[in-house]
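> Model the full assembly from the supplied sequences, consistent with the hints where possible.
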Amino acid sequence: MTDVDQQPSTAAAAAEAERAMAPELVANSFGDYLRAAFNRVRAGDSGVLPVVAGLLIISALFQSLNSHFLTAGNLVNLLIQGAVYMLLAMGEIFALLLGEIDLSIGFVSGVGGIIMAELVKQSFDWPWWAAIAVALIACAAIGALQGTIITRFGLPSFVVTLAGLLGWQGVMLLILGKGGSLPINNKIINDIASGNLTPLASWLVMIAIVGLFGLNLWLHDSRRRKHGLVAPPVSVTLLKIGGAAVAGFVVVLMCNTNRGTLVTIQGMPYVVLIVLAVLTMWTLLLGRTKFGRYMYAIGGNPEAARRAGVNLKTIRTVAFTLCSFTAGIAGIVYASRLQSVSTSLDGGTLVLYAVAAAVIGGTSLFGGRGKPIHAVLGGLVIAAIDNGMGLQGYSGAAQKVVTALVLLAAVTIDAFAHRGRAAR
Amino acid sequence: MAVQGAAEEDLGEPLLRLHGIDKNFGPVQALVDVDLDIPVGKVTALVGDNGAGKSVLIKCVAGIHHPDGGEIFWEGRPVHIRTPRDAAALGIETVHQDLALCDNLDIVQNMFLGREKVRHFALAEEEMEIAAGETLRSLAVTTVRSIRQPVASLSGGQRQSVAIAKAVLWNSKLVIMDEPTAALGVAQTANVLELVRRLAERGLAVLIISHNMNDVFEVADRIAVLRLGQMVAVKPASELDKQIVVDLMTTGESTREVRPNGAQPETGSAP
Numbered sequence: 001m002t003d004v005d006q007q008p009s010t011a012a013a014a015a016e017a018e019r020a021m022a023p024e025l026v027a028n029s030f031g032d033y034l035r036a037a038f039n040r041v042r043a044g045d046s047g048v049l050p051v052v053a054g055l056l057i058i059s060a061l062f063q064s065l066n067s068h069f070l071t072a073g074n075l076v077n078l079l080i081q082g083a084v085y086m087l088l089a090m091g092e093i094f095a096l097l098l099g100e101i102d103l104s105i106g107f108v109s110g111v112g113g114i115i116m117a118e119l120v121k122q123s124f125d126w127p128w129w130a131a132i133a134v135a136l137i138a139c140a141a142i143g144a145l146q147g148t149i150i151t152r153f154g155l156p157s158f159v160v161t162l163a164g165l166l167g168w169q170g171v172m173l174l175i176l177g178k179g180g181s182l183p184i185n186n187k188i189i190n191d192i193a194s195g196n197l198t199p200l201a202s203w204l205v206m207i208a209i210v211g212l213f214g215l216n217l218w219l220h221d222s223r224r225r226k227h228g229l230v231a232p233p234v235s236v237t238l239l240k241i242g243g244a245a246v247a248g249f250v251v252v253l254m255c256n257t258n259r260g261t262l263v264t265i266q267g268m269p270y271v272v273l274i275v276l277a278v279l280t281m282w283t284l285l286l287g288r289t290k291f292g293r294y295m296y297a298i299g300g301n302p303e304a305a306r307r308a309g310v311n312l313k314t315i316r317t318v319a320f321t322l323c324s325f326t327a328g329i330a331g332i333v334y335a336s337r338l339q340s341v342s343t344s345l346d347g348g349t350l351v352l353y354a355v356a357a358a359v360i361g362g363t364s365l366f367g368g369r370g371k372p373i374h375a376v377l378g379g380l381v382i383a384a385i386d387n388g389m390g391l392q393g394y395s396g397a398a399q400k401v402v403t404a405l406v407l408l409a410a411v412t413i414d415a416f417a418h419r420g421r422a423a424r
Numbered sequence: 001m002a003v004q005g006a007a008e009e010d011l012g013e014p015l016l017r018l019h020g021i022d023k024n025f026g027p028v029q030a031l032v033d034v035d036l037d038i039p040v041g042k043v044t045a046l047v048g049d050n051g052a053g054k055s056v057l058i059k060c061v062a063g064i065h066h067p068d069g070g071e072i073f074w075e076g077r078p079v080h081i082r083t084p085r086d087a088a089a090l091g092i093e094t095v096h097q098d099l100a101l102c103d104n105l106d107i108v109q110n111m112f113l114g115r116e117k118v119r120h121f122a123l124a125e126e127e128m129e130i131a132a133g134e135t136l137r138s139l140a141v142t143t144v145r146s147i148r149q150p151v152a153s154l155s156g157g158q159r160q161s162v163a164i165a166k167a168v169l170w171n172s173k174l175v176i177m178d179e180p181t182a183a184l185g186v187a188q189t190a191n192v193l194e195l196v197r198r199l200a201e202r203g204l205a206v207l208i209i210s211h212n213m214n215d216v217f218e219v220a221d222r223i224a225v226l227r228l229g230q231m232v233a234v235k236p237a238s239e240l241d242k243q244i245v246v247d248l249m250t251t252g253e254s255t256r257e258v259r260p261n262g263a264q265p266e267t268g269s270a271p
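Here the protein sequences line up with chains X and L, keeping their order. For the first sequence, the numbering used here begins at 1 and goes up steadily by one. For the second sequence, the numbering used here begins at 1 and goes up steadily by one.
Just so you know, these hints were derived from the structure itself, not from any lab. Take the hints with a grain of salt, since some may be wrong.
Stated by the list, open to error - Just so you have them, the derived chain X footprint on chain L, three or more residues with Cβ under 8 Å:
(1) 91 to 102
(2) 122 to 130
As the list claims (entries may be wrong) - So the derived list for chain L, only partly shown, Cβ under 10 Å to chain X, looks like this:
(3) R85
(4) A88
(5) N110
(6) R115
(7) E116
(8) G133
(9) I147
(10) R148
Each residue gets a CB set at the ideal place from its N, CA and C atoms; glycine is no exception.
Structural data, given as structure tokens:
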């Protein structure tokens with residue numbers, strides 16, 4: 001919005017610009033870094049802080065109402081419950097980043113689950129990996145089809161994916177029959193959502209993950225320092241790595257606590273690893289590749305991207321493909337959790353929760369701003385509300401009202417932040 | 001039809017030579033037999049009233065429009081510029097009036113947009129940041145606090161500087177600017193004009209479109225006047241003054257004597 005370039009007094013503009021700056025840009029010492037971070041929060045560009053703060057508040061609230069909320073067993077359940085929302089929301093982010101929306105992914109994930117369940121059942125008896133691969137490819141193909149219709153015919157994504165929402169629900173009902181259900185008897189597939197690593201493996205995996213993350217961060221920051229580019233102080237880098245290590249330690253400790261009542265259940269659920277793997281994959285794709293850069297560019301200013309030689313149609317189509325592909329992963333996890341696929345799968349609600357999770361986590365509906373981590377954090381918030389209110393014995397209706405209020409709050413924050421940026 | 005200034009100094013082989021360019025949009029003749037030479041190391045200003053064909057002319061050079069007639073010579077060779085990519089391949093970069101920057105991306109990301117450096121499938125961020133920093137420093141664009149700040153947080157003048165630096169980054173030989181000072185305040189206009197002068201001093205050819213006579217006379221070495229699609233004059237700035245240029249823009253001719261700069265009443269600052 002170049003035409004909204006009002007010039008307030010220079011000093012005010014400078015202060016404004018300083019507040020908007022990422023702390024790592026202007027800080028040379030630890031104190032500077034904290035001050036810059038604080039300034040950024042005050043300017044409304046706070047990254048993941050609001051959602052983390054929200055999570056803490058929600059946790060404290062539910063814990064005060066019911067002391068069972070913050071037990072290890074319940075928190076692990078919460079992670080498993082939230083996984084589907086997180087995965088769907090990570091898919092939805094590909095659409096949201098472009099300023100588009102994909103309403104179909106709820107039922108697309110259902111279709112993915114059905115394809116997998118059909119292929120592993122007795123009559124076909126495919127191996128689990130082949131069934132999953134075909135399901136994911138089918139979901140990606142659905143996304144490619146919808147993306148192609150949207151880009152080639154220049155139709156609004158809202159309408160095309162709304163048609164997808166109806167159409168894929170119809171396909172599901174056709175395959176399942178009225179009130180039908182398709183049970184899954186494959187052990188490995190059912191273990192995706194309910195199986196766990198052994199406690200020892202949980203430790204090893206978490207050490208490997210934190211190690212890789214820390215090494216990557218350290219190399220990145222020290223490379224920047226070596227080239228004389230602005231980099232966060234060593235203390236901040238170490239603090240971030242330390243934070244990741246503590247978080248990993250707590251998660252593993254939590255998962256390794258016995259949460260079974262009759263039999264021992266402990267260890268990190270596989271589904272947590274799946275979420276982490278998808279998170280890593282999409283974070284690298286969006287943050288470190290040309291494709292990711294173009295996604296943000298199109299979301300920010302499509303005309304600028306076009307003039308820079310970016311092929312808008314290709315990037316958009318690929319985005320919708322990845323969106324549906326990720327939805328397929330969510331669908332497999334969902335089917336695995338229920339050990340069946342049935343007509344009770346409510347793809348409409350799922351997709352709305354996915355959009356809500358992404359937006360609550362800090363992804364903008366206006367395009368150009370958002371990260372996969374937002375989907376994970378937002379999915380956690382929604383799962384926490386579901387789980388906490390369930391513990392209190394509130395009805396599903398009350399849960400929906402509360403989720404709606406949280407979503408409204410998140411969208412309001414987003415809109416104000418957007419207005420603030422546009423007016424600057 | 002084109003009246004080359006009689007006293008046009010000898011500039012050797014121009015970087016870009018437009019010869020007899022015609023452009024029609026249906027029955028409307030936007031450009032008629034336009035000749036224009038653009039030498040290196042000079043700022044050439046293209047002026048004209050609204051609808052005179054300034055934008056059409058630069059779009060023909062930038063590969064957005066295709067001339068219906070005439071020839072374009074680049075470094076003495078005839079060329080056909082069919083797409084913006086062709087223009088970029090020759091070394092022609094255009095800074096459009098709306099700048100075409102992504103607000104949500106930072107300065108480095110904007111400068112490299114569409115031409116990112118990649119190493120092992122990943123973006124080579126450090127390499128790009130260093131190159132962007134060098135370019136900005138060489139242009140003495142020092143007002144930005146960090147080249148990793150999002151463009152949304154920049155002032156209008158800083159955005160213009162980033163857009164110009166983006167054009168220079170690619171070893172371009174000709175930078176075309178469309179109304180670079182239109183939306184700027186006084187101090188920022190001065191900064192941007194200084195930047196334009198520095199480009200010429202670095203040996204680039206600069207073609208600048210402006211409505212603002214003060215800016216034109218401050219920055220331009222040569223002034224080309226378009227009127228109703230025809231080139232009515234191309235002269236060194238020293239042989240013109242504001243009043244004469246306004247006469248040329250409006251009537252196509254002027255009988256006035258050149259008066260020293262600044263001696264005439266304030267005129268010609270179109271909206």
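> If a hint holds in the structure, say so; if it doesn't, say that too.
Verification of the supplied hints:
Counting residues of the stretch 91 to 102 of chain L whose CB lies closer than 8 Å to any CB of chain X gives 6, which reaches the minimum of 3, so the coverage claim holds. With 5 residues carrying a beta carbon less than 8 Å from a beta carbon of chain X, the stretch 122 to 130 of chain L meets the three-residue requirement, and the given coverage holds. Residue-level restraint check for L/R85 holds (minimum Cβ-Cβ distance to chain X is 6 Å; threshold 10 Å). Interface restraint check for L/A88: the shortest CB-CB distance to chain X comes to about 8 Å, inside 10 Å, so the restraint holds.
A hinted interface residue such as L/N110 counts as satisfied when its beta carbon comes closer than 10 Å to some beta carbon of chain X; here the least separation is about 8 Å, so the hint holds. Because the beta carbon of L/R115 sits about 8 Å from the nearest beta carbon in chain X, less than 10 Å, this interface hint is met. Look at L/E116: its Cβ gets to within about 5 Å of chain X, closer than 10 Å, so that hint holds up. For L/G133, the shortest C-beta to C-beta distance to chain X is roughly 8 Å, which falls under 10 Å, so the interface hint holds.
For L/I147, the shortest C-beta to C-beta distance to chain X is roughly 9 Å, which falls under 10 Å, so the interface hint holds. Interface hint status for L/R148: upheld, as the beta-carbon distance to the closest one in chain X is roughly 5 Å, under 10 Å.
When the structure is compared with the earlier hints, no violation turns up for any of them.
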